[in-house]
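There are 2 protein chains.
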Amino acid sequence: MEAIPTENKTQPGDDEPKKFVLKTPKGTRDFAPGQMAIREQVFNKIVACFKRHGAETIDTPVFELRETLTGKYAVDSKLIYDLADQGGELLALRYDLTVPFARYLAMNKVTNTKRYHIAKVYRRDNPAMNRGRLREFYQCDFDIAGQYDAMLPDTECIKIIVEILSSLDIGDFVVKVNHRKLLRGIFAACGVPDHKFNSIYCAVDKLDKITWADVRKEMVDEDGLAPSVVDKIWEYVQLSGGIELVEKLSKDKNLTCQENAVEGLEDIKLLFSYCESYGITNRVSFDVSMTRGLYYYTGAIFEAVMTGRETAVAAAIDEECSMGVGSVAGGGRYDGLVGMFDSKGRKVPCVGISIGIERLFSIMEAKALESEQKMRTTETEVYVIAAQKGMVEERLKLCKALWDADIKTEQSYKKNTKMLTEFQYCEQNGIPLAIIIGQSEIEAGIIKLKIMASGEEREVKRCDMIEEIKKVLKTERTTNV
Amino acid sequence: MEAIPTENKTQPGDDEPKKFVLKTPKGTRDFAPGQMAIREQVFNKIVACFKRHGAETIDTPVFELRETLTGKYAVDSKLIYDLADQGGELLALRYDLTVPFARYLAMNKVTNTKRYHIAKVYRRDNPAMNRGRLREFYQCDFDIAGQYDAMLPDTECIKIIVEILSSLDIGDFVVKVNHRKLLRGIFAACGVPDHKFNSIYCAVDKLDKITWADVRKEMVDEDGLAPSVVDKIWEYVQLSGGIELVEKLSKDKNLTCQENAVEGLEDIKLLFSYCESYGITNRVSFDVSMTRGLYYYTGAIFEAVMTGRETAVAAAIDEECSMGVGSVAGGGRYDGLVGMFDSKGRKVPCVGISIGIERLFSIMEAKALESEQKMRTTETEVYVIAAQKGMVEERLKLCKALWDADIKTEQSYKKNTKMLTEFQYCEQNGIPLAIIIGQSEIEAGIIKLKIMASGEEREVKRCDMIEEIKKVLKTERTTNV
Numbered sequence: 000m001e002a003i004p005t006e007n008k009t010q011p012g013d014d015e016p017k018k019f020v021l022k023t024p025k026g027t028r029d030f031a032p033g034q035m036a037i038r039e040q041v042f043n044k045i046v047a048c049f050k051r052h053g054a055e056t057i058d059t060p061v062f063e064l065r066e067t068l069t070g071k072y073a074v075d076s077k078l079i080y081d082l083a084d085q086g087g088e089l090l091a092l093r094y095d096l097t098v099p100f101a102r103y104l105a106m107n108k109v110t111n112t113k114r115y116h117i118a119k120v121y122r123r124d125n126p127a128m129n130r131g132r133l134r135e136f137y138q139c140d141f142d143i144a145g146q147y148d149a150m151l152p153d154t155e156c157i158k159i160i161v162e163i164l165s166s167l168d169i170g171d172f173v174v175k176v177n178h179r180k181l182l183r184g185i186f187a188a189c190g191v192p193d194h195k196f197n198s199i200y201c202a203v204d205k206l207d208k209i210t211w212a213d214v215r216k217e218m219v220d221e222d223g224l225a226p227s228v229v230d231k232i233w234e235y236v237q238l239s240g241g242i243e244l245v246e247k248l249s250k251d252k253n254l255t256c257q258e259n260a261v262e263g264l265e266d267i268k269l270l271f272s273y274c275e276s277y278g279i280t281n282r283v284s285f286d287v288s289m290t291r292g293l294y295y296y297t298g299a300i301f302e303a304v305m306t307g308r309e310t311a312v313a314a315a316i317d318e319e320c321s322m323g324v325g326s327v328a329g330g331g332r333y334d335g336l337v338g339m340f341d342s343k344g345r346k347v348p349c350v351g352i353s354i355g356i357e358r359l360f361s362i363m364e365a366k367a368l369e370s371e372q373k374m375r376t377t378e379t380e381v382y383v384i385a386a387q388k389g390m391v392e393e394r395l396k397l398c399k400a401l402w403d404a405d406i407k408t409e410q411s412y413k414k415n416t417k418m419l420t421e422f423q424y425c426e427q428n429g430i431p432l433a434i435i436i437g438q439s440e441i442e443a444g445i446i447k448l449k450i451m452a453s454g455e456e457r458e459v460k461r462c463d464m465i466e467e468i469k470k471v472l473k474t475e476r477t478t479n480v
Numbered sequence: 000m001e002a003i004p005t006e007n008k009t010q011p012g013d014d015e016p017k018k019f020v021l022k023t024p025k026g027t028r029d030f031a032p033g034q035m036a037i038r039e040q041v042f043n044k045i046v047a048c049f050k051r052h053g054a055e056t057i058d059t060p061v062f063e064l065r066e067t068l069t070g071k072y073a074v075d076s077k078l079i080y081d082l083a084d085q086g087g088e089l090l091a092l093r094y095d096l097t098v099p100f101a102r103y104l105a106m107n108k109v110t111n112t113k114r115y116h117i118a119k120v121y122r123r124d125n126p127a128m129n130r131g132r133l134r135e136f137y138q139c140d141f142d143i144a145g146q147y148d149a150m151l152p153d154t155e156c157i158k159i160i161v162e163i164l165s166s167l168d169i170g171d172f173v174v175k176v177n178h179r180k181l182l183r184g185i186f187a188a189c190g191v192p193d194h195k196f197n198s199i200y201c202a203v204d205k206l207d208k209i210t211w212a213d214v215r216k217e218m219v220d221e222d223g224l225a226p227s228v229v230d231k232i233w234e235y236v237q238l239s240g241g242i243e244l245v246e247k248l249s250k251d252k253n254l255t256c257q258e259n260a261v262e263g264l265e266d267i268k269l270l271f272s273y274c275e276s277y278g279i280t281n282r283v284s285f286d287v288s289m290t291r292g293l294y295y296y297t298g299a300i301f302e303a304v305m306t307g308r309e310t311a312v313a314a315a316i317d318e319e320c321s322m323g324v325g326s327v328a329g330g331g332r333y334d335g336l337v338g339m340f341d342s343k344g345r346k347v348p349c350v351g352i353s354i355g356i357e358r359l360f361s362i363m364e365a366k367a368l369e370s371e372q373k374m375r376t377t378e379t380e381v382y383v384i385a386a387q388k389g390m391v392e393e394r395l396k397l398c399k400a401l402w403d404a405d406i407k408t409e410q411s412y413k414k415n416t417k418m419l420t421e422f423q424y425c426e427q428n429g430i431p432l433a434i435i436i437g438q439s440e441i442e443a444g445i446i447k448l449k450i451m452a453s454g455e456e457r458e459v460k461r462c463d464m465i466e467e468i469k470k471v472l473k474t475e476r477t478t479n480v
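Order-wise, the sequence lines are chains A and B. Quick note: the first sequence uses numbering that gives the first Met the number 0, first residue 0, plus one each step. Quick note: the second sequence uses numbering that gives the first Met the number 0, first residue 0, plus one each step.
FYI, nobody ran anything at the bench for these hints, they're computed from the structure. Just so you know, not all the hints are guaranteed correct.
A pair holds if it fits inside one copy or across any two, identical chains being indistinguishable in the list.
[Stated by the list, open to error] Cross-link-like lysine to aspartate or glutamate pairs, in silico, EDC-like; alpha carbons within 16 Å at most:
no., residue 1, residue 2
1, Lys388, Asp148
2, Lys44, Asp405
3, Lys119, Glu135
4, Lys470, Glu458
5, Lys469, Glu258
6, Lys407, Glu392
7, Lys407, Glu369
8, Lys195, Glu243
9, Lys205, Glu221
10, Lys195, Asp220
11, Lys449, Glu217
12, Lys195, Glu221
13, Lys449, Glu467
14, Lys413, Glu392
15, Lys25, Glu88
16, Lys108, Glu39
17, Lys50, Glu246
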C-alpha cells in the first residue's frame, strides 16, 4: 500500500519561484488509490448492513440556508462554514447529516422512512486546538423516522452498530447506552434548574477528555451550579453496568419521584430485553456519564467505543483519538427536531446512528499496513501482452472481446512493449492472468494464457478463450480466499 | 416511483407565521429514495465499466484554494462559488474534477495513473439565464495520465463512453470527435491571430445553442475578426463525417502547410483506425464544429450526443436540454494542465472524459416513469409477520437469525400488528417473501413461508429455514429476470 500523504504537503527546495501554493485547504486532504480501496471495503460492508435492515437512501445538498443549520446543535456556531454571500442567500456547509435529514422530512412531509446517507460534512474546527481533526470528513448515517412502539427502532440501531463493527473485524468494542430523560430526571433530582440541562449535558460529555475536577469547576464557575448540586451529579455519573444497574436505579428514592427518570429507566429496561432477543447484551453497557454533546437528543442515546488493544488497532486509536476518545459510532433519539422545521410544529419521532467512518478508516489502514499484504487498487483480471513489437490492432481486438465479456482487462498504452516490463506490471499490480500473443499464436488461432501466481502457461483456442478465462478466474478466486 | 420533488418547494397556505424558510438553496435539490435507486443503478454500471478498464479511484476535497481554480477554465470566474474568508485562506468550491485532479498529480508527483472520480461539483450559474440548471451536480470522470503513444488512451476513452451509453440502453447516440490542433491549424489558415484561438473555440462552441448568424456577429463585433476570416471559418465548421472527411482535409491545400492541422489530422486518422479495431466506428463522427468550451484541451476532443427519438428519452432530452444541447458525455486531451501546477512546469500528458450523469439520470427517470414498473427503493427480501398480537421477542429472534445469514429482513416496529396491513406493506414495497409465525408454528418448530408473487404458502422447519429461503430467493430472482 502506498504511504499516506500528509496533509498540506508542499514542494520544498525548488529554486524557481512557485507558480502556485501547491496544497489542499487547511483541514482537508486528498485520498490516494490505496486509501480509497480501503474506504470502498468499509463503505461496502456498512451499506450492505443498512440494506440488510431494509433501508433506502436519500441525498441532500452539501450546503443549506444558514438559518436551517444554526440553533440546532448547541455547538459554537463558529464551527459552521459559511459561503460568501453571492446572490442574496446566506448559505453554510452542512455540519452533519441529521439536521438536513430533519429539514428534508419536514419539507417533503415525510412521516416515516428508514434511510441511510453517506456524505461529507464540514466543521471549521481549529486544528491548533484539535490536532489532526479534519474540517471535511465523511459521515455515514442510518435513521428511522416514524411513530412506532418504544425501543423497537432504537434497539435495531444498536444491533446495526454491533453488526457493522463486528463485520470490520477490528477488535473488541462496547456500545454505551443512556437516556436523556433519565439524565433530566437525575439532574432535576440533584437540583439543576431545567434551563441548564443542555449546558450540563455538554459539561458531563467532556468527562472522557478532561478530569472530573475540571468538569466540576466548569459546572460551578460557568454554569453557576451550587457545589452540593454538582457533587450529587457526580454520584450518578460514575455509575455504569448492565440491567442490574437499571434495576437498582429504579428503586432509587430520589429518582422514583421524577417522572422523566422513571420513563427513561423503563425504556432502558425494554432496550435490554430486546438486546437479549438480538443476542447482543454482551456488547451493551448502561453508562450514566454518557450524554452526547448535541442539543437535539430527547431519548435513548448510544455511543460505541473500541476496547480492544491489539497492536495495529491500538496504535490507530491512540493516534486518532489522542485525547482518549475512542468513539467509533454514536447516535440517539431526537423526537423534536423535525417539528422545529414544521410551520405547525408537527413532530416526526426519529432515532438514528452515525458511524465514525474516518476513525474506522484509520484503524483499517493501520491494520492493512501491519498485515503487509499488498492492497490492490484496481480489479484488473487479465493483461494483454504482445510477444513482438507492434501488434496493436490484435491487442485492441483482444481487449474488445474481453471487455465485451465483462472481463476486467488492461494492456499497455505503448505501441511497442517489452515482455519483461509487462510481466513486472502484472506482478506489481496483482493481476492474476496474462494473455500473450505473437504472430505464431495469431496464425494458429490460439492465445497463450499465463497464470501469474503459478507461472503456468497453457495454450487456449481463441474461440474458447472467454470460457477458459472465466473458469480459471473462478478457481483463482476460490484458492485465494 | 414517487413524484420528483420540484426544486425549492415551500409550504404555502399556512396561517401561522413560519419558523423557517423551508427550502434548499437556489440551484440545489434533494433526491428522494426513488431517484436515488435510479442513480445507484447508473453509478453501478458506470463504475463497473471504469473498473473493467483497470481504473483506480481517488478523492479530493470539495473546496480548493481559490487560486488553484482560477485561470484554468476561460469561463466567467463569477461561476466559481467562493467560501467566506474564515481563517486566512481564500477558498472556492470545485468547478469540475479535472483541475483538482491535475493539482493532485502535480502535488503528489504522480506521473501516470488511470483513475475515476465521482463527486459533486459546483457552478454559480444564473438560473434565470439557464433554466433548470443546477448549481450542485455530480460529475463522473475517468482520466488516463502518462506519457504514452498517440491515440491509444484517447480511443479507449471513446470506447468507454460507448460501453457506458450502450449499457444504459437509452437509445441511439453518436460520439463526435475533433482535435484542438486541427482547429488551431484551421483558424491559422483562415487568418485568426494565435491569441484569439481560445475566444474563437468558445464562440464556435455556441453553434449548438445559437445560430451561425449570431456566432458570426460575436466573432466580428466582440473578437474583432474580419468578416472574410469569419466566413472562411464557417466553410470548415460546417463539415462533419467519417474517415473520408479526414482524408479530404488531408489534401486541403490551406491546411497542408499548417503543421498543427497536419498533426491533428494524423491523430484523427489513427483514432479512426483504433476505433475500427474496437468495433465502434459506427458510433464515431468527425465534427469540425465541435470545439468544447474549456481552455485546457490541447488535442483530441470528444462529445457524445443522444440521437434517439424514443418517446421517454426524447421528452427527457427536450426537458433537460431545453436549448437543443444533447451532450451526455465529453472530454479530451489536456497535456498542459498539470504543468501549470508544477513549479518547474513538468508536464504530465492527460486525456479524460466526463459522463453527464445528471442528464443520464433524467433520461433514466423518464424511462422508469414511462415503463410504469414500480421501482424498489429497498432490497428487503423477507418480511417477518406475527399472526397474533405481541410475539415481539419471537420476531426479533427470527430477524436476528435472518440478518446473521445475510438475508435482507424487515419487520414492523409496532408490538401489535395486523396481518392484512403487513401483507399490504410487502406488496407495496415489492418484498418477495413473508414469514408468518403464530403460537402453533412456534410450538411445532416451524415457520410459514409465503411467496408473495404466487401467494403460495409452505411450512418449513425452523432449522431448514435459512437454506430454504436462500433457495427460494435464487429461484425468484431467476424467474424475475
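To see whether the hints hold, each was checked on the structure:
1. Lys388 x Asp148: between (72 Å within a copy, 13 Å between copies)
2. Lys44 x Asp405: between (24 Å within a copy, 11 Å between copies)
3. Lys119 x Glu135: Close inside one copy (6 Å) and across copies (14 Å); limit 16 Å.
4. Lys470 x Glu458: Answer is within; shortest intra-copy Cα gap is 15 Å, inter-copy 38 Å.
5. Lys469 x Glu258: neither (66 Å within a copy, 48 Å between copies)
6. Lys407 x Glu392: Neither: 19 Å inside a copy, 47 Å across copies.
7. Lys407 x Glu369: Result: close neither inside a copy nor across copies, 29 Å intra and 34 Å inter.
8. Lys195 x Glu243: Classified as neither: same-chain Cα gap 30 Å, cross-chain 81 Å, threshold 16 Å.
9. Lys205 x Glu221: within (14 Å within a copy, 63 Å between copies)
10. Lys195 x Asp220: within (13 Å within a copy, 69 Å between copies)
11. Lys449 x Glu217: Neither: 69 Å inside a chain and 60 Å across chains, both beyond 16 Å.
12. Lys195 x Glu221: within (11 Å within a copy, 66 Å between copies)
13. Lys449 x Glu467: within (12 Å within a copy, 41 Å between copies)
14. Lys413 x Glu392: Result: close within a single copy only, 12 Å intra versus 64 Å inter.
15. Lys25 x Glu88: For Lys25 and Glu88, the Cα distance is within 16 Å only across copies (8 Å; inside one copy 25 Å).
16. Lys108 x Glu39: neither (33 Å within a copy, 24 Å between copies)
17. Lys50 x Glu246: Close neither inside one copy (35 Å) nor across copies (55 Å); limit 16 Å.
Comparing the model with each earlier hint shows violations of hints 5, 6, 7, 8, 11, 16 and 17; every other hint is respected.
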